[in-house]
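Chains X and F, in that order, give the protein sequences.
First residue of the first sequence: 1, per full-length UniProt numbering; consecutive thereafter.
First residue of the second sequence: 1, per full-length UniProt numbering; consecutive thereafter.
It is worth saying that the hints were derived from the structure and are not from the lab.
Keep in mind it's a predicted model, so treat the numbers as computed, not measured.
Virtual Cβ for every residue (Gly too), placed ideally from N, Cα, C.
Be careful, since some hints might not be right.
[As the list claims (entries may be wrong)] Label-pair ranges, simulated between beta-carbon atoms:
#1 F:Trp26 x X:Arg53: 29 to 39 Å
#2 X:Phe56 x F:Ile8: 39 to 49 Å
#3 F:Ser183 x X:Gly16: 17 to 27 Å
#4 X:Gln36 x F:Trp11: 50 to 60 Å
#5 F:Gln53 x X:Gly16: 45 to 55 Å
#6 F:Leu55 x X:Val89: 50 to 60 Å
#7 F:Glu73 x X:Phe56: 42 to 52 Å
#8 X:Ala25 x F:Gly46: 50 to 60 Å
#9 F:Gly48 x X:Glu47: 48 to 58 Å
#10 X:Val89 x F:Leu59: 35 to 45 Å
#11 F:Val212 x X:Ala25: 50 to 60 Å
#12 X:Gly16 x F:Val120: 43 to 53 Å
#13 X:Gly16 x F:Ile49: 49 to 59 Å
Residue strings, one per chain:
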Amino acid sequence: MESISIIGMVSIITAGVTIAVGSIAPAIGEGKALAQALLAIAQQPDEIPTITRTLFVGLAMVESTAIYCFVVALILIFANPFWNYVIQV
Amino acid sequence: MEINIDQIIYWEWGFIKLNATLVYSWAVMVVLVSISWFVSRDLTEGTGISRKQALIESLVVVIQKQIEETTQEKTDRYLPFIGTLFLFILVSNLISVIPGVYPPTASLSTTAALAISVFVAVPIFGIGSRGVKSYFENYVKPTPLMLPFNIIGELSRTLALAVRLFGNIMSGSLIVAILLGLSPLFFPVVMQAFGLLIGVIQAYVFAILALVYIASASRIHNSEEADSTEIINPQNR
Numbered sequence: 001m002e003s004i005s006i007i008g009m010v011s012i013i014t015a016g017v018t019i020a021v022g023s024i025a026p027a028i029g030e031g032k033a034l035a036q037a038l039l040a041i042a043q044q045p046d047e048i049p050t051i052t053r054t055l056f057v058g059l060a061m062v063e064s065t066a067i068y069c070f071v072v073a074l075i076l077i078f079a080n081p082f083w084n085y086v087i088q089v
Numbered sequence: 001m002e003i004n005i006d007q008i009i010y011w012e013w014g015f016i017k018l019n020a021t022l023v024y025s026w027a028v029m030v031v032l033v034s035i036s037w038f039v040s041r042d043l044t045e046g047t048g049i050s051r052k053q054a055l056i057e058s059l060v061v062v063i064q065k066q067i068e069e070t071t072q073e074k075t076d077r078y079l080p081f082i083g084t085l086f087l088f089i090l091v092s093n094l095i096s097v098i099p100g101v102y103p104p105t106a107s108l109s110t111t112a113a114l115a116i117s118v119f120v121a122v123p124i125f126g127i128g129s130r131g132v133k134s135y136f137e138n139y140v141k142p143t144p145l146m147l148p149f150n151i152i153g154e155l156s157r158t159l160a161l162a163v164r165l166f167g168n169i170m171s172g173s174l175i176v177a178i179l180l181g182l183s184p185l186f187f188p189v190v191m192q193a194f195g196l197l198i199g200v201i202q203a204y205v206f207a208i209l210a211l212v213y214i215a216s217a218s219r220i221h222n223s224e225e226a227d228s229t230e231i232i233n234p235q236n237r
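Assemble the whole structure, with the sequences as input and the hints as a guide.
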């Protein structure tokens, strides 16, 4: 196989695997965090502002791992340096 | 659909290039500064304040309250920096709903610049409130063995700040662009409304994280004081 088709194939498959694996773990983590926060709100309704603020900040931090995977997948598809190199040569 | 809005060039002269990131971040700065200038021309005290002053005052009070609740201390030191960060990122994220306008925070250059300004602000605030020696002792706090990990942690959280904001905003506009090709009328509108929510939350998260980093670098002194007073007078809490 030519190197151009190998690089194209590997990039696309890896991008799919990256976003698939990279979204599973943050999804589980965010679900657990949300469930705990709902439990805490049910037990202490007075603390809703504090719990919500902490929940949002925490969710954003958990979600950033998924965003990293997303950025890597986008780089693989749209801005792949190896692909650009092969195209140039 | 552009993944890197730095490559959209409007005007070029020699090596000076005016790309979309620069244009729209300057536009946001002009909007913010002119609104503040327009409102702060005729500030008054007392009961009869104008409507625009009430609007801006309520905004400032909300930011002030959030800072107080997060840092657990009554101080106005963080308000200018954190408030400016929050307002700039908020307006930058929200202008993406105007057709043809790219949000400047969808470029890694803007978000990296914001994250670096937080990275620089942490030692400035920390040294300002605790002194040089006390601040740098913080890096070797549990043992000197932790020094490289503390430095790596400081660098990686700066990178995380930049990539988090960039990824969220860029993915929002990219998803709208992709959906526009698949199902043109209804779904892009829904995703754009969702993007507004994401934009507000990410602006909030960026500001709160910057505040937490700055406050944790400048606070340890106070907690040591609190510990010592606790030993002297346990009922005082």
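Hint-by-hint comparison with the structure:
1. F:Trp26 x X:Arg53: 29 to 39 Å: The hinted range 29 to 39 Å holds for tryptophan 26 of chain F and arginine 53 of chain X, with Cβ atoms some 32 Å apart.
2. X:Phe56 x F:Ile8: 39 to 49 Å: 32 Å, violated
3. F:Ser183 x X:Gly16: 17 to 27 Å: Given about 22 Å between the Cβ atoms, the range holds.
4. X:Gln36 x F:Trp11: 50 to 60 Å: Distance hint for glutamine 36 of chain X, tryptophan 11 of chain F holds at roughly 52 Å.
5. F:Gln53 x X:Gly16: 45 to 55 Å: 54 Å, holds
6. F:Leu55 x X:Val89: 50 to 60 Å: Since leucine 55 of chain F and valine 89 of chain X have Cβ atoms about 59 Å apart, the given range 50 to 60 Å holds.
7. F:Glu73 x X:Phe56: 42 to 52 Å: Once the Cβ atoms are compared, 22 Å apart, the range 42 to 52 Å for phenylalanine 56 of chain X and glutamate 73 of chain F is violated.
8. X:Ala25 x F:Gly46: 50 to 60 Å: Holds: the Cβ-Cβ distance is about 56 Å, inside 50 to 60 Å.
9. F:Gly48 x X:Glu47: 48 to 58 Å: 38 Å, violated
10. X:Val89 x F:Leu59: 35 to 45 Å: 55 Å, violated
11. F:Val212 x X:Ala25: 50 to 60 Å: Between valine 212 of chain F and alanine 25 of chain X, where Cβ atoms are some 24 Å apart, the hint is violated.
12. X:Gly16 x F:Val120: 43 to 53 Å: Distance hint for glycine 16 of chain X, valine 120 of chain F is violated at roughly 39 Å.
13. X:Gly16 x F:Ile49: 49 to 59 Å: Holds, at about 57 Å.
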